[in-house]
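Protein chains in written order, with this note's numbering: chain A, 1 to 192; chain B, 193 to 791.
Errors might be hidden in some of the hints.
Claimed, not checked - Pairwise CB distance ranges, derived in the manner of DEER restraints: (1) Ala178/A to Lys696/B: 45 to 51 Å; (2) Leu231/B to Glu163/A: 31 to 37 Å; (3) Arg458/B to Lys176/A: 54 to 60 Å; (4) Arg101/A to Met699/B: 39 to 45 Å; (5) His393/B to Pro175/A: 55 to 61 Å; (6) Thr660/B to Gly33/A: 37 to 43 Å; (7) Val685/B to Glu163/A: 57 to 63 Å.
What the hints assert, rightly or not - If you want the footprint, here are the derived chain A segments under chain B, 3+ residues with CB under 8 Å: (8) 28 to 37; (9) 47 to 57; (10) 83 to 91; (11) 95 to 106; (12) 111 to 125.
Rather than coming from a laboratory, the hints here were simulated on the basis of the structure. C-beta: ideal position from N, C-alpha, C; glycine also.
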Amino acid sequence: MSNSVTNILLVGVGGQGILLASEILSEAFMLGGFDVKKSEIHGMSQRGGSVASHVRYGKEVFSPIVPEGEGDILFGFEMLETYRSLPLLKKGGTVVANDLRIPPPSVLLGQETYPEDLTGKIEALFPDFTLVDGQKLATEAGNIRAANTVLLGAVSKRLDIPEVCWRQALEKMVPKKALEMNIQAFRMGRDL
Amino acid sequence: MKEILSGNEAIARGAYEAGVKVASGYPGTPSTEILENILQYKKIDASWAPNEKVAMEVGIGASFGGGRAIVTMKHVGVNVAADPLFTFSYTGVGGGFVLIAADDPEMHSSQNEQDSRNYARFAKVPMLEPADSQECKDFTRLAFELSEQFDTPVMLRSCTRISHGKSIVELNEPVSGLPEPRLVKNPSKLVMLPGNARVRHPLVEERMVKLAAFGASAPFNSVEMRDGEIGVITAGISYNYVREVLPNASVLKLGMVNPLPMELVRDFARKVNKLYVVEELDPFIEEQVRAAGIAVTGKEIIPICGELTPGRLRNAFTTAGIVGAGLPRPEQGDETSPLQIEKLPGRPPNMCPGCPHRGVFYTLNQLKAYVTGDIGCYTLGFMPPLNAMDTCICMGASISNASGIVRVLPEDEKKKVVAVIGDSTFLHTGINSLMEMAYNGSPATVIILDNRITAMTGRQDNPASGWTLRDEPAVPVDLVQLCRAVGIRHVQVVDPFDLDETRKVLMEEMNRPEPSVIITNRPCVLVKREGVFEKGLALSVDEDHCSGCKACLRIGCPAIEWQPAPEGKKGKACIDPLLCNGCDVCRQLCKFDAIGRGK
């Protein structure tokens, strides 16, 4: 077991299901035999504000917050929030992002515009970038609401955790009737 | 058995393992989930109180009856509960008593970042401070033992990163063999008349001396010797940042931050070359260490405002030119220089689509009211484009602030003053303020935004919602009758989705040279209980009729998006049918009949 700690950042908009995704990640890491810590701010998350969850795993984890500029993987649920969070990543870090645009209030009001070509900008800074159409793949898997699980599958491929741990984590965290569909959505993401 | 638990879940588990009988509290981020998680342990009588003082007193009563009691609140809640806390310190306990104070350094969801450790010292009670979820559980258990052993209420301080952070916890079985609660009379100990209190005060001082001595050899205060060059005294969440950033430093980790084990500190100081204190917010440990004649560095380099992070801590040490203990050498600095990106549109929190507060704030803005605000979702009425809040201090302050401000204003400005307060906040401390307003005849208008829930903290029930924490039905407080009973003669109920009616009633009451109350009657869109909130049919914009006037955008609804014009044409508004809750407020603003029920 390596002594180093792996740092994952999950970012998006309040209400997108980021907390559940970070719970599944943490569960899988614990099942994989690692120490895990996670931290997030959820006081106002339901009100559509920016949300960031930090998950860290390794032999022994101290800080629950990822040290600035030391993120290994940025797991973005929304394009603007993904781009906004790039400074948290280390040089050469990995980005897995959902191809989804949720306009913030100032854009809804027509006062500012949603930044253009975020895909190109992210790729220019972080070549290890995977763009996932989570909504489309989740619809193929049976439910658009499983978009997070598709993304989780795509992230899982970049982590050294046995597949059985992921399955057990999903079994624990996802309601039974939605389990098979979520496992399929996870596979689609993992096979990307 | 191992589980990943949040600090709040672990505190709830600790209460269960400690055999707690009664749990009370008032919701407040980041403390709210403690009571919500205690619910799963059916043997514990868990309930919401109308405010923190009441919660504290319910807990004190249970303790006097011989049962273990836990009371939970956020840091500012301790201000409300301080009155009983200070005297309970004198009487001591029956069954063990633990007060959880959850601080919010960085003010993620708070109006100030006061440091609760000062309360422990001020009230002369011990305080434990856990550094992760395992300690949250273990220290909660331990706190009950200390409470009974030293006959004192015990405070346990959490913070946002501890309460809402998760880490692995080893679970234990609950204690057994605790005495069954019985009435035991002991009035000379529990009736704090001056004569009795004068006897108790010296015992309180003795208790704190004994606790300091106990803390010097207790396992929760531990010394980790590594490099002798740098020694750090730290506690709670900051311990993790110290281990992260200064992996080779020697550390004195305090599990009990009040009283301080000064002999242990002195001993540790002797073993290291240079001594630092790393603590969030106030120089609480640092000042006491320095007062004991021990040379120490703290807030000269560590920020006093905001929370610490590994980056901020590293920066503090490197900026001061300190090397060693695993800190990066100056020449390595460039490696960590952060990536700069351009300024981006922000994403602040917003009221939900269909929120019943939106139309009220739109109307207040239109009427150019001076709005004294309060604590809740509706504090977001401050945000553009509503821009309809002018003050916000603390729970319940809106009404009394309005009552005070009208006393100094010229006649023509008095009628502009409107207080807004939510149902839960009104019952928390607003009711006292309304009594004052009625009693002294202050001519201001109060709006009670009754959405049937304590929404901001995540939909907790309250005495007006008709349900308890355990999801059992309760007799709801009748707000109209309550306002009348304290002496308000003009009480009107309005539908906040009806903009004309809301405007008419507001103008009527604002012009009235008497105290008056308006109560809105639409529930929060997030209430899941059946029959409370019912979603309306989604609205849509008819593109042919939309003139692009942007009137509908003035309510700042997240479901309405401005679509800029393609070359040479006018822009238009568009409603997202998945987000729209059908409140109908935007339709009433459209002068071109372009908004209608969904097709």
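Review point. Honestly, do Leu231/B and Glu163/A meet the 31 to 37 Å range at C-beta?
Key: holds, 35 Å
Given that the stretch 95 to 106 of chain A was listed as covered by chain B, double-check it with a C-beta distance under 8 Å for 3 or more residues. holds (count 4)
For the stretch 47 to 57 of chain A, do at least 3 residues have a Cβ located nearer than 8 Å to some Cβ of chain B? Holds, because 4 residues of the stretch 47 to 57 of chain A bring their Cβ atoms closer than 8 Å to Cβ atoms of chain B.
*asked:* Please check whether the stretch 83 to 91 of chain A has three or more residues whose CB lies within less than 8 Å of a CB on chain B.
replied: Coverage by chain B holds for the stretch 83 to 91 of chain A (5 residues, Cβ < 8 Å).
Exercise. Is 54 to 60 Å right for how far apart the beta carbons of Arg458/B and Lys176/A are?
Worked result: Between Arg458/B and Lys176/A, where Cβ atoms are some 59 Å apart, the hint holds.
Annotated coverage of the stretch 111 to 125 of chain A by chain B, confirmed only when three residues or more have a Cβ within 8 Å: holds (count 5)
ask   = For the pair His393/B and Pro175/A, does the Cβ-Cβ distance stay inside 55 to 61 Å?
value = holds, 56 Å
- Message: For the hint 45 to 51 Å, verify it against the beta carbon of Ala178/A and that of Lys696/B.
- Response: Check passed, 48 Å falls within 45 to 51 Å.
Per-stretch coverage check for the stretch 28 to 37 of chain A, three Cβ contacts closer than 8 Å to chain B: holds (count 4)
Exercise for the section: Look at the Cβ atoms of Val685/B and Glu163/A and judge whether their distance stays inside 57 to 63 Å. Expected result: At 58 Å between Cβs, range holds.
(request) Just tell me: holds or violated, for the beta carbon distance of Thr660/B and Gly33/A against 37 to 43 Å? (result) holds, 42 Å
Should the hint that Arg101/A and Met699/B are 39 to 45 Å apart at their CB atoms be regarded as holding? holds, 42 Å
Violated hints for the displayed structure: none, as all numbered hints are satisfied.
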